[in-house]
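These protein sequence lines are chains A and B, in that order.
Take the first sequence: its letters are residues 1 to 367, numbered as in UniProt numbering.
Take the second sequence: its letters are residues 1 to 367, numbered as in UniProt numbering.
Quick caveat, the hints were computed from the structure, so don't treat them as lab data.
Fair warning: there could be bad hints in the mix.
Identical chains blur together in the list; that is why a pair holds if it fits in one copy or across any two.
Stated by the list, open to error - In silico DSS-like links for lysine-lysine, alpha-carbon gap of 25 Å or less:
id, residue 1, residue 2
1, K251, K156
2, K312, K330
3, K156, K59
4, K261, K213
5, K224, K87
6, K213, K294
7, K251, K123
8, K224, K251
9, K87, K312
10, K294, K156
11, K330, K123
12, K123, K59
13, K330, K143
14, K261, K143
15, K312, K156
16, K312, K261
17, K294, K143
18, K261, K156
19, K106, K312
20, K87, K251
Number of protein chains: 2
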Amino acid sequence: MAYGFCSLRPTLTSLFSSLAPTLHWRSSSLPISRALSASTVPMSSSSFTWDDVLQIGRKESASTQNPSSDLTEFLAKIDRCNRGSEKLAEFIPFVVDEQIVGYIHKGFTEYLREFHDIFTFSKNGSVSVVGGDYVTLNLMFEKPEDRTRAVAGVIKILGDKGIIPGIRNELCPVKPSFHAPAVFSLERAAAPYFGLKGYGVHMNGYVERDGQKFLWIGKRSLTKSTYPGMLDHLVAGGLPHGISGGDNLVKECEEEAGISKVIADRAIPVGAVSYMDIDQYCFKRDVLFCYDLKLPEDFVPVNQDGEVESFKLIPVAQVANVIRETSFFKANCSLVIIDFLFRHGFIRPESSGYLDLYRGLRNGNCS
Amino acid sequence: MAYGFCSLRPTLTSLFSSLAPTLHWRSSSLPISRALSASTVPMSSSSFTWDDVLQIGRKESASTQNPSSDLTEFLAKIDRCNRGSEKLAEFIPFVVDEQIVGYIHKGFTEYLREFHDIFTFSKNGSVSVVGGDYVTLNLMFEKPEDRTRAVAGVIKILGDKGIIPGIRNELCPVKPSFHAPAVFSLERAAAPYFGLKGYGVHMNGYVERDGQKFLWIGKRSLTKSTYPGMLDHLVAGGLPHGISGGDNLVKECEEEAGISKVIADRAIPVGAVSYMDIDQYCFKRDVLFCYDLKLPEDFVPVNQDGEVESFKLIPVAQVANVIRETSFFKANCSLVIIDFLFRHGFIRPESSGYLDLYRGLRNGNCS
Numbered sequence: 001m002a003y004g005f006c007s008l009r010p011t012l013t014s015l016f017s018s019l020a021p022t023l024h025w026r027s028s029s030l031p032i033s034r035a036l037s038a039s040t041v042p043m044s045s046s047s048f049t050w051d052d053v054l055q056i057g058r059k060e061s062a063s064t065q066n067p068s069s070d071l072t073e074f075l076a077k078i079d080r081c082n083r084g085s086e087k088l089a090e091f092i093p094f095v096v097d098e099q100i101v102g103y104i105h106k107g108f109t110e111y112l113r114e115f116h117d118i119f120t121f122s123k124n125g126s127v128s129v130v131g132g133d134y135v136t137l138n139l140m141f142e143k144p145e146d147r148t149r150a151v152a153g154v155i156k157i158l159g160d161k162g163i164i165p166g167i168r169n170e171l172c173p174v175k176p177s178f179h180a181p182a183v184f185s186l187e188r189a190a191a192p193y194f195g196l197k198g199y200g201v202h203m204n205g206y207v208e209r210d211g212q213k214f215l216w217i218g219k220r221s222l223t224k225s226t227y228p229g230m231l232d233h234l235v236a237g238g239l240p241h242g243i244s245g246g247d248n249l250v251k252e253c254e255e256e257a258g259i260s261k262v263i264a265d266r267a268i269p270v271g272a273v274s275y276m277d278i279d280q281y282c283f284k285r286d287v288l289f290c291y292d293l294k295l296p297e298d299f300v301p302v303n304q305d306g307e308v309e310s311f312k313l314i315p316v317a318q319v320a321n322v323i324r325e326t327s328f329f330k331a332n333c334s335l336v337i338i339d340f341l342f343r344h345g346f347i348r349p350e351s352s353g354y355l356d357l358y359r360g361l362r363n364g365n366c367s
Numbered sequence: 001m002a003y004g005f006c007s008l009r010p011t012l013t014s015l016f017s018s019l020a021p022t023l024h025w026r027s028s029s030l031p032i033s034r035a036l037s038a039s040t041v042p043m044s045s046s047s048f049t050w051d052d053v054l055q056i057g058r059k060e061s062a063s064t065q066n067p068s069s070d071l072t073e074f075l076a077k078i079d080r081c082n083r084g085s086e087k088l089a090e091f092i093p094f095v096v097d098e099q100i101v102g103y104i105h106k107g108f109t110e111y112l113r114e115f116h117d118i119f120t121f122s123k124n125g126s127v128s129v130v131g132g133d134y135v136t137l138n139l140m141f142e143k144p145e146d147r148t149r150a151v152a153g154v155i156k157i158l159g160d161k162g163i164i165p166g167i168r169n170e171l172c173p174v175k176p177s178f179h180a181p182a183v184f185s186l187e188r189a190a191a192p193y194f195g196l197k198g199y200g201v202h203m204n205g206y207v208e209r210d211g212q213k214f215l216w217i218g219k220r221s222l223t224k225s226t227y228p229g230m231l232d233h234l235v236a237g238g239l240p241h242g243i244s245g246g247d248n249l250v251k252e253c254e255e256e257a258g259i260s261k262v263i264a265d266r267a268i269p270v271g272a273v274s275y276m277d278i279d280q281y282c283f284k285r286d287v288l289f290c291y292d293l294k295l296p297e298d299f300v301p302v303n304q305d306g307e308v309e310s311f312k313l314i315p316v317a318q319v320a321n322v323i324r325e326t327s328f329f330k331a332n333c334s335l336v337i338i339d340f341l342f343r344h345g346f347i348r349p350e351s352s353g354y355l356d357l358y359r360g361l362r363n364g365n366c367s
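Using the sequences and the hints given, assemble the complete structure.
Written out as structure tokens, the structure reads:
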């Protein structure tokens, strides 16, 4: 299942459920987008080659005057990152320090009920931010480090049982919004099971030659545990606990593409994209901080950490075609590149669906 | 009243009202923003000089290392464009062809009731898009041109009475969203009284010298009927009926700044900002398409239509200070420049309130 980030099927369903409070899903789709996407190159594939990529990019460039004028397929890529809004009611808030910090599937809460000394199940309205039922931590855990330790014990057991697969031994902060202090830290692989807000830094590296812009595109290593063999922009990484976006970007630039700090420091923060995606028990609520880095014409990226198989420099209009015509790109990277297409004028207000697509890039809770 | 766009005070209030359907106001504000804004340079002024502008820009640049690290004052500028959400319930939908195309203040509807052969007042749920009461046009007007003519007659009378001041004899399209066909056309000065969606093109013109970016800033003519003497970015204009954003931008570039078509065609569409602002009977629901134009270093804008008094080229960081420290800029131009600050890395994710401010730039219904 190359596309899924949640490998567990729900075994319990809830017949009666209420909408999660404070959460809205802003639908961006033109109604035709899903229907048409079936007509393009098959969705899932990590077995394509660079030749396939380049051929699809060039073919479309040649066939139409303005390859980005039909935005339907771009909208389908945004839909791909924003699935499951109809299942919102299957989740209940996860509350710490009277703030909603996540959402947990009612089916998944059954695994947590065993740990009643750590998790508490509360009813209707006993904290002001929540109207209905919610899950919280036992109040005896007052300090973030105590909570981190207690929950880590639970995650270890669920990891060993295979209920939470792919444990990475990497902590991410639990907080209601980006600049709020963390209420504790949680194993990265468990974050979507708790519906935490996740933050990442994603960088498009580009080159300008004779007025034409090119993007450096990476192909992920086939040995990578997530999305092996798929396309990626130049540098990306989740934001772990205790490092700023800028510092993390410099670190990822070095590891993923061999970009020195001197060059990486020139990367420009340009905004953010966001999405909310429900896949079985998992609820991703991600905000990706976007960066642009204009690279010297003679720069060639060299991967240092084995996570990228190879890189290619491709004209932006051809990258746009590959996003429209295939699902070769890791899904959330499509959003970051579509945002680049907007900011660099490759998508224009004259195209029908321009504002729908633009709004769709920030469908998630961008906070 | 330099800041108001609605010069009529409501004379009738409604005691019982319901929230307008399909309309949500996404609040962006940090709670402290309004309190702090009182401490800056007095809000209203069209009597400042370029010396005042340059002095304020430079003073702040010198006094802090990173002039954009505190985003509170930028948030206050966004609040300025998004007033009156608490008065949403005083408006009822304006429906044409079973689509909501605007919102009319209940007090203002009293002026329309006289014209019962043109406007119809309907009750609760008789069209699917509206839950409560609404105003529509008499069904005998089937064609857009018939509606345009009929409503124009009403606007003429209300204009002569001073109920709708500042008639411009310029039509704007009435439509539920940007790419939808117009259901009729309405005098521009009347648009906020009907809560129509309004669209504009706004362009930042910038120059790069030795790696430093400068923005061309205009000071509006003192004889202009709206916002005389205030600051503006290089080119802006409302989108009238029957012209594309790109073509209108080229036209405005020529009229406002003497920019030839050859240069104007290089302007890059980079996205949009939006806001919803209630001022007495008026409800602005605006979407501004933003453009960047990188100008030759030796380019000097020359106004052709008498609407701009003069231009100055100012370092971007200093422009940012002027926005933070004063209200010299026409309010919605602040949004377009703050968007520029985001896209060009002058505002960084490390600053507290980054995502709140970013979200705030598209507080209105961006469709």
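Each hint tested on the structure:
no.	hint	in the structure
1	K251 / K156	neither (28 Å within a copy, 65 Å between copies)
2	K312 / K330	within (16 Å within a copy, 45 Å between copies)
3	K156 / K59	neither (49 Å within a copy, 56 Å between copies)
4	K261 / K213	both (23 Å within a copy, 23 Å between copies)
5	K224 / K87	neither (30 Å within a copy, 54 Å between copies)
6	K213 / K294	both (10 Å within a copy, 16 Å between copies)
7	K251 / K123	neither (44 Å within a copy, 62 Å between copies)
8	K224 / K251	within (19 Å within a copy, 52 Å between copies)
9	K87 / K312	neither (39 Å within a copy, 54 Å between copies)
10	K294 / K156	neither (43 Å within a copy, 55 Å between copies)
11	K330 / K123	neither (39 Å within a copy, 50 Å between copies)
12	K123 / K59	neither (58 Å within a copy, 55 Å between copies)
13	K330 / K143	neither (37 Å within a copy, 48 Å between copies)
14	K261 / K143	neither (36 Å within a copy, 63 Å between copies)
15	K312 / K156	neither (40 Å within a copy, 62 Å between copies)
16	K312 / K261	within (22 Å within a copy, 36 Å between copies)
17	K294 / K143	neither (43 Å within a copy, 52 Å between copies)
18	K261 / K156	neither (36 Å within a copy, 65 Å between copies)
19	K106 / K312	neither (44 Å within a copy, 60 Å between copies)
20	K87 / K251	neither (37 Å within a copy, 49 Å between copies)
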